[in-house]
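**Student:** Sequence:
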Amino acid sequence: MSRGRVASEANGRATPDYHVPALEKGLDILECLATGGVPLSQAQLARALDRGASELFRTLSTLERRGYIQRDPVSGAYSLTLRLYELGHAHSPYEALLRAAERPMRELADELRQSCHLSVLRHGALVVLHQEESPERVRLSIEIGSAVPALQTASGRLMLAFLDDERRGRALAGEGGHAEVSNAASAALVERLAAIRNEGYETARSETIEGVSDLSVLVGAPGGRVQAALTIAALPRDHAEFVGRALPPLRGCAAKITATAGLAPDVET
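Read in order, the letters of the sequence shown are residues 1 to 269 in the UniProt record's numbering.
Each hint can be trusted.
Now the in silico label distances, taken between C-beta atoms and shown as ranges: (1) E107 x E64: 42 to 50 Å; (2) A255 x E24: 23 to 31 Å; (3) T62 x N198: 44 to 52 Å; (4) G67 x V226: 21 to 29 Å; (5) A204 x T81: 40 to 48 Å; (6) L27 x V226: 14 to 22 Å; (7) L189 x R139: 31 to 39 Å; (8) V20 x L189: 41 to 49 Å; (9) A48 x S141: 47 to 55 Å; (10) R65 x R103: 37 to 45 Å.
Hints listed in this document are in silico derivations from the structure and should not be mistaken for laboratory results.
All residues carry an ideal CB built from backbone N, CA and C; glycine is no exception.
Throw the hints in and build the complete structure from the sequences for me.
**Tutor:** Following this line, the structure appears as structure tokens:
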């Protein structure tokens, strides 16, 4: 399976297929060990990857020599070392997200003549990471780094809706979340979050700024480890007209950021 080719086709771009079998073999091994969660022998890896055992020998030896995997001297089974963890934590995942978001968000603000911002969920609060302002002289602006309880914002509710039950529970028990849930009707909250998941977006008149309408969509894959909310905040005369006009380009922008940041789910063939 060529993941590079599949991703290019899925994103609708006709790009050359630079197939590197040795690299793909190594990545397949790492992904298999990471998702399996248990050490695997060379024969077990070969069966899991539908390859011959002899095909994997050199790749396994190289990965072991470079410190990405280790071989148990008794069982001969391979497992991941902490090398990938170290590489993954050498920089914040939000750095790549911000780099991927800047240009599409600027284009979105220019197209809709409205400001837009990117937020993440932290300890039950919605934190603004980045903003691109409207080119209009009169415009809305949100302070980068500002934090608001998640349930008070369209962005926060959207992100809560796309978390699994365990992560949502932790988020709601965090700062600013627990008290709100305790005072809210749980059934109504569950129903609202389910509706957001079904629609794929959240829109509401702002609960923090009078007259402002918020429209939010997800950046990242539902259930992914790195997610963000892309939001337009506007002062529309007609809320329904605003949603109908802004939602398609907002979704398009979120899709661009998701793909560029590498947050899209794997495409299987």
